[in-house]
Amino acid sequence: MKRIRFGVIWVMLVVVTLMGGASAIAGNGSPPFTRTEQREACLNYQPLRQPFFGELHLHTQYSTDAATLDTRNTPRDAYLFAKGAKVGLPPFINSLAGSEPPPSPPSPPPVSSHPYCFPGEQCQFMATRTIQLPPGRALDFAAITDHSEFFGEGNICFYEEKVACPPNSCGPGQVCSPLEGRCVPVGYDSAECILARQAIAGLRGGLGLELFSLYVNDENPRRFPFCGPNGQNCLFQAGNIWQQIQADAQEAYDQTSACTFTSFIGYEYTAQPSMGQCSTGNGGGSHAPCWETADCHTAGETCQTLPGGDNLHRNIIFRNANVPPLPVSTIEAPPGCGVGASCDNSAARGPLASPKLLLETLTSQCVDNGTTSRCQFLSIPHNPNLSGGAMFLMPESLDEAQLRHDKEPLVELMQIKGQSECRFSPKHPGAWNTADELCDFENLSFGRLGGEFIPDPDATTVLPNSYVRNTLKNGLQFQQKTGINPFQLGFVGGLDNHNGTPGASDGEQYAKTGAHGDLSYAVSGQILNQTFLLGLETNGGGLTGVWAEENSRDSLFAALQRRETFATSGTRPVLRLFGGFALPGDMCKQGNFAQKGYDNGVPMGGTLPGGPTSNAPTFAVLATMDPGWPGHHGTKLQQAQIIKGWVDANGQTHEQVYTVAGQPNNGASVDLRTCKPQGGGSEDLCALWTDPDFDPGEHAFYYARVLENPSCRWNQFYCNAKNIDCNKPLGTCSTGGGCNSDADCHQDEQCNPPASYTEFEYQQCCNSPVPKTVQQRAWTSPIWYTPQQ
Amino acid sequence: MTWCRFWPSTLHSSGKLRSAGEMLRRWLRAPVVHFVLIGGLLFGLSEARRLSDEMPRDGKPTSAKPPSADARAAIVFSAARVRQLQADFMDQFGRSPSWQELDAFIQQAVDNELLEREARQLALGLGDPSIRMRLVQKMRAVSADPVKTEEALYREAIQLGLDDDLVIRRLLREKMRMLLRRDPVDTPIGEKDVREYVERHRDRFVRAEAVTFSHVFVSPRIHGKGIRQEAEATLSRLRSQALPPQASDDLSDPFPLGLELRGWSQATLARHFGDEFADKILAFEPGKWGGPIASTFGLHLVWVHARVPGAMPSLQAVWPQVVRELLEARAAENLSRGLGWLRSLYEVQIELPSEMSALQPTLARRR
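Chains as they are written, first to last, in numbering that gives the first Met the number 0: chain A, 0 to 788; chain B, 0 to 366.
Careful: at least some of the hints might be erroneous.
Unchecked claim - Cross-link-like lysine to aspartate or glutamate pairs, in silico, EDC-like; alpha carbons within 20 Å at most:
#1 A:Lys82 <-> B:Glu150
#2 A:Lys85 <-> B:Glu324
#3 A:Lys595 <-> B:Asp249
#4 A:Lys588 <-> B:Asp202
#5 A:Lys588 <-> B:Asp274
#6 A:Lys595 <-> B:Asp248
#7 A:Lys588 <-> B:Glu231
#8 A:Lys588 <-> B:Glu21
#9 A:Lys771 <-> A:Asp724
#10 A:Lys588 <-> B:Glu259
#11 A:Lys727 <-> A:Glu760
#12 B:Lys147 <-> A:Glu179
#13 A:Lys82 <-> B:Asp202
#14 A:Lys595 <-> B:Glu259
#15 A:Lys82 <-> B:Glu208
#16 A:Lys161 <-> B:Glu173
#17 A:Lys480 <-> A:Asp405
#18 B:Lys137 <-> A:Glu179
#19 A:Lys82 <-> B:Asp274
#20 B:Lys224 <-> A:Glu682
The set of hints was computed from the structure by calculation and includes no laboratory data.
Source: prediction; values computed, not measured.
Make the full structure from the sequences, and use the hints.
Next comes the structure, spelled out in structure tokens:
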């Protein structure tokens with residue numbers, strides 16, 4: 000007996016040692032990720048990591064605004080699309096002979112399904128348009144992030160199932176509607192829901208958010224009365240939707256060893272408080288956000304109200320299937336509302352616009368919660384360009400700074416509503432703290448959500464702190480004083496598409512389908528209107544590239560946490576960046592780039608610590624072009640740059656852009672009629688660059704930006720499809736002869752465009768300030784340099 | 000001479016009378032009793048089976064008498080109706096049907112008629128709010144009296160036979176289909192079912208063949224027009240010096256995706272490197288340098304380490320997807336079985352027009 004027991008202990012010791020040994024990886028110094036879930040091991044695990052493309056911001060029917068735009072794709076449809084399947088888009092028409100709904104299922108499901116069929120089939124909701132990713136463009140991962148505030152309200156108002164009662168009995172949270180004789184969720188017959196449904200039925204094309212704006216704009220958000228006491232009816236239904244979201248994500252997640260696709264459970268926190276701005280009148284003043292004048296700290300300033308709200312939206316992404324029982328929305332955790340009298344949520348009193356309450360609540364419900372152990376989350380803010388400068392206000396406490404550093408390690412740099420890296424305009428050079436002309440790219444003439452169109456934006460109407468490069472500099476400033484950088488932000492890209500079609504970033508496709516359901520229906524004048532927030536100034540959206548060992552939740556999430564990500568403006572170039580003090584000099588000439596990088600430095604998202612005598616760091620950037628897909632070549636690369644930001648001994652921030660590879664003036668262009676590229680460019684770029692102005696005592700960041708050659712912007716595809724040729728006049732006079740307006744023709748004659756386009760389309764295609772070509776690009780997450788203390 | 004009895008004797012071998020208890024025990028052990036019992040059991044089971052076969056699958060109670068064709072009126076398709084069906088086909092598809100297509104089309108119409116008839120027989124229209132709403136609307140349109148209640152309008156509509164319209168008939172058919180799709184027993188789906196399903200649809204679940212390879216990249220940016228020469232020269236070097244992949248890194252131009260790619264499937268390869276590269280590399284023999292093959296990025300010299308054969312996933316990994324599909328398949332099966340039962344329930348008479356006599360044999364076969 001004794002001998003056997005001894006033997007068993009030996010075996011156990013050996014096994015434990017082996018397990019410990021097996022968890023270390025060979026070949027490089029980066030630690031492997033923790034496995035928080037049970038699944039088959041991925042066949043293509045690569046310790047030197049590989050790039051995966053995916054979506055981190057997408058809306059489906061479960062978002063009330065998408066629902067009122069007549070989007071019927073659910074998260075399940077969205078995942079199918081992400082994997083390459085075809086899905087339908089509005090408008091939907093009834094292709095049955097009659098106009099009545101189909102009969103009822105056996106019992107009322109908790110979550111309404113929203114079925115539809117494809118063109119040519121017969122059903123109540125036949126899609127009139129379809130969309131599919133091109134071959135080879137399936138995504139590697141996707142997170143569906145519907146607006147959490149309205150989960151319950153949406154399921155209540157848009158419940159379609161027709162289960163007759165009697166004879167059937169209704170499910171929990173449902174009542175038998177006397178009006179319709181069927182089971183509906185409690186609240187279905189409320190005035191608000193009736194209005195919401197009319198929005199769809201009448202194809203008002205409105206966002207429907209007007210109805211629910213109180214939820215997201217108000218200082219003290221509250222649910223509608225029909226939600227019951229403490230909002231319990233709506234919260235109950237929200238639970239149903241949240242369960243369905245999780246089930247759809249589990250179904251889509253490839254847990255076999257093929258590891259072809261990863262889904263993430265997530266949601267959007269939709270705070271957009273309608274704060275005012277501190278000003279001295281006549282456009283002067285600090286423009287700091289405020290609810291009341293008491294929030295303005297500069298003498299002489301009062302709080303001026305403005306139309307619209309400051310975008311403080313964030314997408315919450317969970318690491319695995321362990322998630323809180325309900326999402327934490329802006330109703331449960333509104334952004335900080337200052338200490339003014341009108342803020343009645345004591346937990347939200349405190350720094351204006353701060354996500355502190357959200358992050359603390361999520362931490363306690365997710366990370367700290369014993370029952371959902373191994374629950375982890377990330378919060379990814381987006382559209383700081385529409386935040387009125389309120390997204391990244393300096394934290395007022397070290398706690399908040401640390402919380403933001405830990406839980407908000409990324410920012411969505413590019414999406415349908417513009418890019419937020421930086422801003423430049425030839426009309427106001429230097430207005431947004433930069434002379435970088437390439438920042439004149441996909442900017443909006445709006446400073447906040449629902450605000451007014453700004454004909455000539457400048458630094459008083461769109462604040463410099465709305466941009467991430469400036470925010471990164473501010474983060475260094477804060478770190479210099481306190482040792483914590485609250486804005487250590489890596490970069491990701493996303494869509495924010497409301498069609499339920501993740502990854503549909505291609506410009507030519509965007510010209511056909513837009514991203515906002517009925518509102519973007521091709522004949523809508525709105526998509527070509529630059530004074531409309533969702534119009535001409537929008538674009539197809541961006542993508543996220545992640546460097547991870549394998550395509551699994553743990554591996555990808557760990558990469559997001561350590562910021563080893565890059566953002567693209569919609570195409571798929573592959574970017575790699577390493578920084579170090581001893582990078583081999585031949586990294587760009589030969590050899591295993593990644594091995595040398597990991598062995599001698601840190602990847603994008605990492606931090607270089609200063610030593611007693613730091614030489615200048617060297618950065619190696621390597622990029623390959625987007626390969627495109629059959630019949631559609633990618634665009635060659637034009638140049639690579641490294642952008643440095645730093646803070647000096649006086650606390651002043653600076654930036655500098657260095658071109659490190661390629662040819663900025665390679666004369667590449669695009670044929671506007673065919674959108675075929677012309678001129679030089681490279682399939683790949685590589686540069687090894689050492690900072691020529693390095694000061695080891697200064698905090699700094701460095702990130703790489705790679706630009707493609709010019710290509711057609713989506714509106715040019717639209718115009719070409721309509722046969723609009725700006726070299727020819729608008730139309731012809733009734734009696735013949737070209738003309739650009741009625742004035743060019745004889746008296747009483749009209750200038751008529753051809754059948755394929757309208758005058759408005761011609762004008763917008765040929766004479767609008769929005770460019771016809773763009774240079775798509777990608778940005779790596781920064782590498783930070785921290786001086787020795 | 001002893002003679003065999005089929006039943007137990009009442010007497011011991013000694014001649015004494017057996018007790019009642021003992022007699023009972025002996026009878027219970029007697030083969031003839033077993034015979035009778037077993038026979039009775041078998042007969043009972045067979046009767047029960049026959050009865051259950053004749054029960055409608057929706058579990059609704061029927062009369063004890065097994066259904067016969069007399070209980071329900073026959074379905075008759077007149078020649079005119081069949082001609083109309085042919086015209087409908089032409090409307091829908093823009094051409095005349097072949098005999099096979101016409102036969103299938105007629106069969107579909109018969110099935111629809113069966114579904115509708117049975118739906119009315121089971122009064123499925125009674126509680127349905129959609130049907131009710133439609134009838135009320137129709138009645139309102141034709142009624143002279145503006146103040147009638149919904150209930151009254153509904154009854155009047157039924158009386159007037161307004162429920163014989165296209166929309167309501169379609170609704171009834173759908174309801175009947177839904178009823179037939181339902182699983183009366185609702186047996187839970189177990190591991191065996193999932194395993195069988197995955198086996199049956201192997202080709203969908205099998206993980207694609209993948210390849211693990213190292214490569215040496217030759218960049219057009221670095222070598223320009225001389226890229227092919229450079230690639231050939233490098234290949235010779237690799238072969239002449241017998242360099243294994245571990246020692247070949249320095250001969251490669253830098254490549255962001257890495258110099259060793261593990262377990263990449265054809266689809267992933269095609270996506271990043273292009274179709275041509277993906278197809279060519281899958282044909283390479285492992286263990287030696289080959290190429291150069293072209294990708295979107297330039298030229299590559301490739302050493303395939305291993306081809307990873309396709310494999311089946313674990314059940315756990317595909318469980319939720321399979322369960323969903325199985326439930327769908329079951330419902331479809333129930334529907335098809337239900338339709339078969341319906342067909343046996345009704346007598347169907349199809350009067351073929353003279354010009355369609357070619358269909359007669361197929362229709363007869365179906366009977």
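How the hints compare with the structure:
no. : hint                  : result
1   : A:Lys82 <-> B:Glu150  : 51 Å, violated
2   : A:Lys85 <-> B:Glu324  : 19 Å, holds
3   : A:Lys595 <-> B:Asp249 : 11 Å, holds
4   : A:Lys588 <-> B:Asp202 : 44 Å, violated
5   : A:Lys588 <-> B:Asp274 : 28 Å, violated
6   : A:Lys595 <-> B:Asp248 : 11 Å, holds
7   : A:Lys588 <-> B:Glu231 : 18 Å, holds
8   : A:Lys588 <-> B:Glu21  : 104 Å, violated
9   : A:Lys771 <-> A:Asp724 : 12 Å, holds
10  : A:Lys588 <-> B:Glu259 : 18 Å, holds
11  : A:Lys727 <-> A:Glu760 : 14 Å, holds
12  : B:Lys147 <-> A:Glu179 : 18 Å, holds
13  : A:Lys82 <-> B:Asp202  : 18 Å, holds
14  : A:Lys595 <-> B:Glu259 : 14 Å, holds
15  : A:Lys82 <-> B:Glu208  : 19 Å, holds
16  : A:Lys161 <-> B:Glu173 : 13 Å, holds
17  : A:Lys480 <-> A:Asp405 : 18 Å, holds
18  : B:Lys137 <-> A:Glu179 : 17 Å, holds
19  : A:Lys82 <-> B:Asp274  : 18 Å, holds
20  : B:Lys224 <-> A:Glu682 : 14 Å, holds
Going down the numbered hints, you'll see the structure goes against 1, 4, 5, 8, while the others check out.
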